[in-house]
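Each protein sequence line maps, in turn, to chains A and B. Residue 64 in the working numbering sits at position 64 of the first sequence; the count goes up by one each step and never skips. Quick note: to get the working numbering, add 1000 to the position in the second sequence (first position is 1).
Source of the hints: derived by calculation from the structure; they are not laboratory data. No false leads were mixed into what you were given.
Derived CB-CB ranges, DEER-like:
(1) A:G52 / B:R1024: 49 to 59 Å
(2) A:G140 / B:A1034: 45 to 55 Å
(3) A:E51 / B:A1034: 43 to 53 Å
(4) A:T48 / B:D1053: 50 to 60 Å
(5) A:I103 / B:A1140: 52 to 62 Å
Computed from a predicted structure; not experimentally measured. For glycine and all other residues, C-beta sits at the position ideal for the given N, C-alpha and C.
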Amino acid sequence: MSTRGFTGRKPPEATRERLPPGQYLTEDFPVLQIGPNPRIDLATWSFTLREGSRPLKSWSWDAFNALPRTRWGGDIHCVTKWSKFDTAWEGVRFDDLLADAGIAAPSAFLLAEGYDDYTTNVPVADLTGGKGMVATHYDGAPIPVDHGGPARLLVPHLYFWKSAKWVKGLRFTQRDEGGFWELRGYHMYGDPWREQRFTGD
Amino acid sequence: MIDPAPGPLPWQTAILTAIRPVTRRVKSYRFRVAFDRPMLAGQHVDVRLTAPDGYQAQRSYSIASPPDGDGTIELLIEGLPDGEVSGFFDAVAAVGDTIELRGPIGGSFVWRPEDGGPLLLAGGGSGVVPLLSMLRHRAATAPAVPALLLYSVRDAGEIIAAEELAVRARDEPHFQLMLNLTRAGGRRVDAAMIAEALDRLGPPRHAYLCGGNPFVGAVADLLLDAGVDPARVRTERFGG
Chain A
1 MSTRGFTGRK
11 PPEATRERLP
21 PGQYLTEDFP
31 VLQIGPNPRI
41 DLATWSFTLR
51 EGSRPLKSWS
61 WDAFNALPRT
71 RWGGDIHCVT
81 KWSKFDTAWE
91 GVRFDDLLAD
101 AGIAAPSAFL
111 LAEGYDDYTT
121 NVPVADLTGG
131 KGMVATHYDG
141 APIPVDHGGP
151 ARLLVPHLYF
161 WKSAKWVKGL
171 RFTQRDEGGF
181 WELRGYHMYG
191 DPWREQRFTG
201 D
Chain B
1001 MIDPAPGPLP
1011 WQTAILTAIR
1021 PVTRRVKSYR
1031 FRVAFDRPML
1041 AGQHVDVRLT
1051 APDGYQAQRS
1061 YSIASPPDGD
1071 GTIELLIEGL
1081 PDGEVSGFFD
1091 AVAAVGDTIE
1101 LRGPIGGSFV
1111 WRPEDGGPLL
1121 LAGGGSGVVP
1131 LLSMLRHRAA
1141 TAPAVPALLL
1151 YSVRDAGEII
1161 AAEELAVRAR
1171 DEPHFQLMLN
1181 LTRAGGRRVD
1191 AAMIAEALDR
1201 LGPPRHAYLC
1211 GGNPFVGAVA
1221 DLLLDAGVDP
1231 ARVRTERFGG
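Excised from the complex, chain A in its bound form:
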């Protein structure tokens, strides 16, 4: 059923092919978050892998920055409908975190945890094989605090609420536990190409 009088501004074919359903292209980089920017001191910053409450491996800022670095470029998609093309990130792949820790992932799921107490769940399989990283740089510079710096998760093939800002660690869980938004009606997985915005989508 069409909306009376609406024609819209259908983007060109080349743009449409890169836009998941319901998304529109923006040139800006909108800022969306549940609360204030946390105040993070790099002297005390740390990033920790945990299994439940048990720490597996922790890095200081200096140690983290000594890890192998990888660049990723591509499109990102926010559940609030905007998509941004050709974003450029640099950071440490999940694979390289595990390698440096000398461990295999102890379970199939995890929760990313932010300095602002935000959490979001991601299956381990969506981070391995180069699919996810902890990014420290955007567009060639340290990530600004508005966009999650000093470090944020980057899982670009899922809606961007999965790419937790100000991340302080990843906590492996035995089952797929919902995080902040997932417990408030948002989809447990969040594939933009299947338009998995909300529970049941």
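With chain A held as given, fit chain B onto it using these hints.
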């Protein structure tokens, strides 16, 4: 705080029952729609428009009306000149039209009467819309909860619900209004303004900030500078 998800969120057909100008650029749109789940003050809806060739555009809009169960919602939409969806509402939408929407959405930027106060609300421009829902809900259900709205706009012509807010400030003993005009000799919200708001209200149990990113970011930082616990501050930003 958390309600179990009641299942898939369906697209629904809403009937546009009234349109009313609010400011130079903002109009009020009243829709008749029966949600399948309870609404909370501060939530939003997703709106979906469909062109004859099947092309669709979606946007999110905050709900201005309170959760009063009357089977309608009010959206206040700013007609942006280059807005694909807001421009349609401004220039084309008419009473009697049917529009697809789904909601209510959002479980973070919400206030329930049992959450109590003091309640500090800060809105920049049309960011006041979800705060209006909270104020209307508070007046109807928990008028003894102390509340203060710090509302910053460029000039007086942009004040949404100006008369309603003035009447509330006059008639509701526990509600205070601080209007800030940034143009014509005015200034942006600063530390002195935040200090005055906190002094008049007392330490907030909950703070809700909504507006463009520069406004929300600045107010959030000022509240933290003033010693407000970040866990008590919820933000919602548009431009996304």
